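Number of protein chains: 2
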Amino acid sequence: MSSIGPPTGMRDWLPQDALLRQHLMETIGRVYRLYGYLPIDTPVMEDLAVLLGKGGGENEKLLFKILKRGEKLADAQGAGGELADYGLRFDLTVPLARFVATHQGKLPKVFRRYHIGPVWRADRPQKGRFREFYQCDIDVVGGASPDYEVEVITATERVLKELNLGKYRFRLSDKRLLPLLLEGYGVPQEQIGPITIALDKLDKVPLDEVCAEVQKILVARPAVSTKVQQFIRDTDEIRKVSARPAPYAFFDKVLRELEQSVVYAELETVHNNSMCIMHSVLTVNAHSSIVFDPILVRGMDYYTGPVYEAVVEGYPSAILGGGRYDGLIGQFAGKPIPAVGCSIGFERILSILQERKAGQAAATTARVLLVNEGQPADLLQQQAEQLRNAGLYVETSLAQDDLGRQFKYAETTGILWAIRRFDQAASSVTVRYLPERKDLTLALADFLARLRGVE
Amino acid sequence: MSSIGPPTGMRDWLPQDALLRQHLMETIGRVYRLYGYLPIDTPVMEDLAVLLGKGGGENEKLLFKILKRGEKLADAQGAGGELADYGLRFDLTVPLARFVATHQGKLPKVFRRYHIGPVWRADRPQKGRFREFYQCDIDVVGGASPDYEVEVITATERVLKELNLGKYRFRLSDKRLLPLLLEGYGVPQEQIGPITIALDKLDKVPLDEVCAEVQKILVARPAVSTKVQQFIRDTDEIRKVSARPAPYAFFDKVLRELEQSVVYAELETVHNNSMCIMHSVLTVNAHSSIVFDPILVRGMDYYTGPVYEAVVEGYPSAILGGGRYDGLIGQFAGKPIPAVGCSIGFERILSILQERKAGQAAATTARVLLVNEGQPADLLQQQAEQLRNAGLYVETSLAQDDLGRQFKYAETTGILWAIRRFDQAASSVTVRYLPERKDLTLALADFLARLRGVE
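First to last, the protein sequences are chains Y and S. Going by the numbering used here, the first residue of the first sequence is number 6, and it counts up by one from there. Going by the numbering used here, the first residue of the second sequence is number 6, and it counts up by one from there.
Don't read these hints as lab results, they were simulated from the structure. Predicted, not measured: the structure shown is a model, and the values here were computed from it. Using N, Cα and C, we set each Cβ at its ideal position, and we do this for glycine too. Only true hints are included.
Below 30 Å or equal to it, Euclidean Cα-Cα: the simulated DSS-like pairs (lysine-lysine) are: (1) S:K114 with Y:K362; (2) Y:K111 with S:K132; (3) Y:K232 with Y:K245; (4) Y:K413 with S:K114; (5) Y:K413 with S:K340.
Here are some chain Y residues pointing at chain S (derived, C-beta under 7 Å): (6) M15; (7) D17; (8) A89; (9) Y91; (10) V115; (11) E390; (12) A404.
Beyond 12 Å from chain S on every Cβ pair, some chain Y residues (computed): (13) Q235; (14) R244; (15) Q359; (16) R361; (17) S432.
Could you put together the complete structure from these sequences and hints?
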């Protein structure tokens with residue numbers, strides 16, 4: 006059994022990665038709690054009827070179904086009935102809708118929650134795509150006002166800042182905006198979808214290619230095509246500008262151009278709503294990186310209003326996205342429930358952090374190895390206890406290895422400091438900083454301060 | 006769909022319980038990391054061959070099996086083949102054995118790990134027993150010396166102390182000890198098992214009943230029966246005594262009594278090993294609560310040496326248990342691998358904390374509600390941002406509710422403090438302490454200090 010491993014497309018988490026994942030979960034959770042969002046959890050499995058409730062067709066293929074247990078199975082097989090009764094959740098949104106229906110009476114009218122947990126999809130495994138992976142959702146259930154969008158965006162920007170991912174940009178639009186704009190420009194209904202799909206590739210495909218595709222779609226209407234392409238080119242330029250007034254002036258101009266169109270009234274309402282959110286986000290957090298981006302397309306069908314996403318410099322696609330989805334959460338509760346949410350690309354961010362080894366260092370610097378130079382094991386352990394009481398994360402070398410091997414062991418497991426001697430009476434330690442193979446003797450308190458400085 | 010809920014025997018986690026569970030996981034993890042133990046994780050599912058590898062019979066009934074996906078299913082059904090290929094893990098030990106086999110080359114020779122995660126068993130659901138529940142294991146893989154037992158016990162005692170569960174006692178014995186003692190007293194081989202089972206009930210059943218059962222088992226050998234019962238009564242007395250010398254003197258006497266028996270040499274070795282561990286634990290941590298308890302029975306077959314458990318005053322059965330199990334971890338790696346481990350009764354401890362509402366208070370005191378007395382939402386949110394920058398966990402009242410409702414909302418969600426006014430220029434706040442309906446104005450720094458003092 007030498008090739009024994011986890012199931013196809015699933016991963017084991019060795020300590021360094023498990024620590025990093027934990028660090029990411031704790032950071033995200035802490036920031037959202039700062040905003041009054043609290044954690045919830047649901048079982049990994051749900052009734053098949055729940056999972057397949059709405060738009061089941063697409064998801065059914067991805068489902069890991071749970072075989073019925075015991076005698077019922079034989080009955081079902083005999084009767085040609087269903088073999089499975091439960092399935093593993095494929096996202097955290099369906100379980101949230103079910104959770105809201107189950108606990109209706111117990112939840113506050115406006116329910117702020119976050120949920121970080123694994124989901125499963127029987128996709129074809131490929132690089133960077135797993136069959137078991139984490140999702141991280143934050144939602145306000147029951148919040149109809151745009152103030153909740155402002156809060157979700159502000160909280161999420163703080164998450165990005167705390168994660169030190171580098172320069173990022175938040176983009177805001179409204180699901181309804183692009184179709185209205187295209188309609189205003191004279192694009193026929195049946196071509197709005199294809200153009201939207203073309204625009205959705207803008208982060209991965211050069212602007213010229215996208216415009217060429219639009220040209221092809223609108224080949225029968227050259228005048229419309231020219232206007233739309235110009236709009237796309239201008240917007241693409243403008244959305245890179247962080248200086249605030251410029252984009253507003255530009256979109257005011259666009260709006261004025263469309264003043265005669267049949268959709269103008271609707272367009273103005275949606276546009277004003279977006280502008281209100283923009284304005285509030287910037288009032289709440291003057292350092293916000295938000296830009297207005299009317300050609301932003303968020304793939305999900307279920308969005309019904311404002312949508313947003315964030316991109317990190319150096320990475321092509323969005324690392325998180327969200328929006329208002331007023332039609333989804335009430336599906337099991339049997340009544341409409343407004344909702345705003347944001348889904349953090351947990352695995353994407355984790356792989357960025359892994360690449361940069363950033364969190365890893367943070368998660369491990371504090372660990373030290375208390376080496377064994379021949380002392381009795383119980384005295385060594387007793388010293389380790391004292392060091393732990395002082396707040397150190399101490400691994401004790403209990404194996405009968407020579408000193409070189411002990412140092413080597415520390416290095417391979419990411420430990421930077423080895424304690425060679427602990428003088429309890431003087432409260433001082435002789436430590437080796439392994440990367441530089443350098444020994445020094447200092448007061449325990451100073452050593453602690455130094456470790457914490459590095460943290 | 007008004008009765009929609011989670012699958013039978015599984016639970017949703019509402020915020021208060023989710024926070025408490027998180028607090029428990031973080032506390033346990035932090036303490037074990039203090040000892041150099043690091044987290045790992047594995048997929049929730051494993052190959053059926055792995056899960057059913059050893060002693061599969063018992064576990065197969067409990068398995069949630071995963072239906073094969075796609076076309077393969079039709080083939081399998083047609084050919085009368087297997088319908089399932091994976092199953093949900095029913096414990097964390099089998100996955101650890103598989104993990105060790107998979108990553109053999111990458112793990113240190115002595116591998117300290119902890120693993121906290123859900124497992125699934127298709128048991129009949131009943132009060133306090135769930136089909137999805139958490140386990141929490143700490144293990145040293147590859148550690149043959151009794152020093153590792155000392156470390157695991159010391160670390161685990163620190164977990165109990167940090168959890169503030171109240172008075173507890175650690176009991177130590179050795180899997181091999183009781184059978185040897187009984188054999189030494191002249192109990193026939195075939196009656197050792199039944200007596201062990203009777204003794205295992207000692208925490209739940211009165212001593213007299215246990216002795217009566219032993220008498221029945223040994224009815225054919227009255228002299229042996231008397232000696233064994235006396236030994237049980239004395240030991241039961243002695244194991245309640247925490248003053249150290251008394252128990253040692255008693256067991257020395259027992260050992261001398263058996264000096265003529267055929268098992269004496271073996272008995273002495275095992276006894277000495279236990280005494281060494283006892284002695285070292287007390288050297289490492291003078292405040293240890295450990296007692297030697299040769300009538301301790303740990304149910305699991307796989308233990309091969311020292312075993313231990315902890316009981317908390319006021320609760321009948323052990324809340325954690327562990328021991329040495331040298332035969333299990335190497336099963337997939339194809340070679341013997343010594344191991345010491347401890348399994349914390351995560352769900353038991355969680356329900357004790359829930360009963361006491363202990364952790365709940367800790368997890369929620371820091372939260373405050375910034376109430377809305379008619380200010381514009383964006384200014385309110387901007388103030389909330391300032392308060393968060395200062396370190397407060399602030400929920401902003403964005404609903405258009407009157408003040409009474411806002412206070413009420415805070416109380417029902419466990420928030421103790423409402424901020425009525427935040428004077429940014431003076432850096433002062435007017436707050437209401439909700440349990441006493443009392444308002445006061447104080448400097449923000451003082452308010453923060455007060456909140457942290459409560460934490």
